[in-house]
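**Q** Everything in the sequence shown is counted per my numbering, starting at 23 for the first residue and increasing by one.
Heads up, a few of these hints could be off.
Said to hold, decoys possible - The following label-pair restraints were derived from C-beta to C-beta distances:
(1) Ala134 with Lys108: 22 to 30 Å
(2) Thr25 with Lys47: 29 to 37 Å
(3) Met130 with Glu69: 30 to 38 Å
(4) Val82 with Asn126: 35 to 43 Å
(5) Asp67 with Phe125: 31 to 39 Å
(6) Leu48 with Leu138: 16 to 24 Å
(7) Asn62 with Glu112: 20 to 28 Å
(8) Gln65 with Ser118: 39 to 47 Å
Simulated from the structure, these hints should not be mistaken for laboratory data.
Backbone N, C-alpha and C fix where the C-beta goes; we use that ideal spot for every residue, glycine too.
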Amino acid sequence: MNTLGDRLTYLREKKGWTKTYVAKKLGIKTMSTYANWEYNLRQPDNEMLLKIADLYEVSVDFLLGNKSTNNNEVDFSKKDERDIAKRMDELREDLSSASGLLFNGEPMSEEAKESLLEAMEFGIRLAKKNNKKFIPKKYRDKED
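Using the sequences and the hints given, assemble the complete structure.
**A** Written out as structure tokens, the structure is:
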């Protein structure tokens, strides 16, 4: 990951997002603008770098290559990733089967359900991250 484009590609793929999705989240009208950043054909301006860092929850220093690691990032083991994915599948199933799911007295839209799932995944990852900090290494599960 030597270039900004490499880092953008890495972060986007790690989240499982498409270029179109990221462009939409950043308020960019065309996906090609974002793609040009990943292909290192163009560079985002400073304001956009801040938006990108916020979206991916990394520092601008990390994006620009001034830091080789992201301090906010916790490397989850394969088991942790499987556990998170399994829990998210369970939550997705629960939300899709809940016929009376309401938000402010109205049925939840698919967009609202997706937002709720994103927030729940963030919470699950944050809890796992915090638990890793406080569990002594000798008691942590070995990576699978």
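**Q** Now, for every hint given, state plainly whether the structure supports it.
**A** Against the structure, the hints come out as follows:
With their beta carbons about 23 Å apart, Ala134 and Lys108 fall inside the hinted range of 22 to 30 Å. For the pair Thr25 and Lys47, the supplied restraint of 29 to 37 Å is violated, since their beta-carbon distance comes to about 22 Å. The beta-carbon spacing between Met130 and Glu69, approximately 33 Å, falls within the hinted interval of 30 to 38 Å. Range check, Val82 to Asn126: about 36 Å between beta-carbon atoms, so the 35 to 43 Å window is met.
The hint said 31 to 39 Å for the Cβ distance between Asp67 and Phe125, and at roughly 36 Å that hint holds. For the pair Leu48 and Leu138, the beta carbons lie near 22 Å from each other, so the given range of 16 to 24 Å is met. A beta carbon spacing of about 40 Å between Asn62 and Glu112 contradicts the range 20 to 28 Å that was offered as a hint. Separation of Gln65 from Ser118 is about 41 Å and conforms to the stated range, judged on CB atoms against 39 to 47 Å.
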